[in-house]
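> Turn these sequences into a full structure, and let the hints steer you where they fit.
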Amino acid sequence: GENVEQHPSTLSVQEGDSAVIKCTYSDSASNYFPWYKQELGKRPQLIIDIRSNVGEKKDQRIAVTLNKTAKHFSLHITETQPEDSAVYFCAARPSGSARQLTFGSGTQLTVLP
Amino acid sequence: SAVISQKPSRDICQRGTSLTIQCQVDSQVTMMFWYRQQPGQSLTLIATANQGSEATYESGFVIDKFPISRPNLTFSTLTVSNMSPEDSSIYLCSARAGEAKNIQYFGAGTRLSVL
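Going down the list, the protein sequences come from chains A and B.
Quick note: the first sequence, position 38, residue 182 per the working numbering, numbers continuous.
Quick note: the second sequence, position 4, residue 13 per the working numbering, numbers continuous.
In short, the hints are calculated from the structure, not lab data.
All values derive from a computational prediction rather than experimental measurement.
Hints are supplied without guarantee of correctness; some may be wrong.
What the hints assert, rightly or not - DMTMM-like, lysine to aspartate or glutamate: derived pairs with alpha carbons at most 25 Å apart:
id : chain 1 : residue 1 : chain 2 : residue 2
1  : B       : 74        : B       : 96
2  : A       : 215       : A       : 203
3  : B       : 16        : A       : 183
4  : A       : 202       : A       : 161
5  : A       : 215       : A       : 200
6  : A       : 215       : A       : 193
7  : A       : 186       : B       : 20
8  : B       : 16        : B       : 95
9  : A       : 186       : B       : 96
10 : A       : 212       : A       : 171
11 : A       : 166       : A       : 146
12 : A       : 186       : B       : 35
13 : A       : 186       : B       : 95
14 : A       : 202       : A       : 223
15 : A       : 215       : A       : 171
Spelled out as structure tokens, the structure:
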């Protein structure tokens, strides 16, 4: 089955700096890669996703890049703000409607004011 | 998007008892999922519940311990049976919805403590 590894487990940045979180996956059939943000005590919320037919996707301060050859994808947050502080999870899902998301272990991002 | 309502939001239960968690989606969905999340940990899939068929359980989870119902396209329940302190966790309902039925949304979770 799919295996997703996520690094780093914790990340502290100064407000205004950029943050990068990286994930690798094992199943070459994976073609959908979402990122979720989970604030303390809240539900995971999708913040951005990418499909394997594109290499990069941006949404304001958030971007995701995908390297299918190397089987890794990354989340980039620019101009970080204290409200970006949360746990971020990457995930991967192989093609096929019956296939499930496999989540990474999570990254605790702390943005220091 | 989809709105997923889950209840109860939290409960404290005695060892040996059972708790049923309810999950309601505001639109019809084919696939619903149940996850467990230990504090500070990632999400672990318990089972996939499709309407009209038996739930599919992941390795390490069995139907006798976590029976699931899926009576229609908007509702599911997860029961945690014969609870022990090791079952203390957050249980999350999830569904694949949206225009392409490709985006996965989550309920707010049920925080379970077993004494």
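> For every hint, state whether the structure bears it out.
Here is what the structure says about each hint:
no. : hint           : result
1   : B/74 to B/96   : holds, 10 Å
2   : A/215 to A/203 : holds, 22 Å
3   : B/16 to A/183  : holds, 19 Å
4   : A/202 to A/161 : holds, 17 Å
5   : A/215 to A/200 : holds, 14 Å
6   : A/215 to A/193 : holds, 15 Å
7   : A/186 to B/20  : holds, 16 Å
8   : B/16 to B/95   : holds, 21 Å
9   : A/186 to B/96  : holds, 20 Å
10  : A/212 to A/171 : holds, 10 Å
11  : A/166 to A/146 : holds, 16 Å
12  : A/186 to B/35  : holds, 19 Å
13  : A/186 to B/95  : holds, 22 Å
14  : A/202 to A/223 : holds, 14 Å
15  : A/215 to A/171 : holds, 8 Å
In this structure, none of the earlier numbered hints is contradicted; all agree with it.
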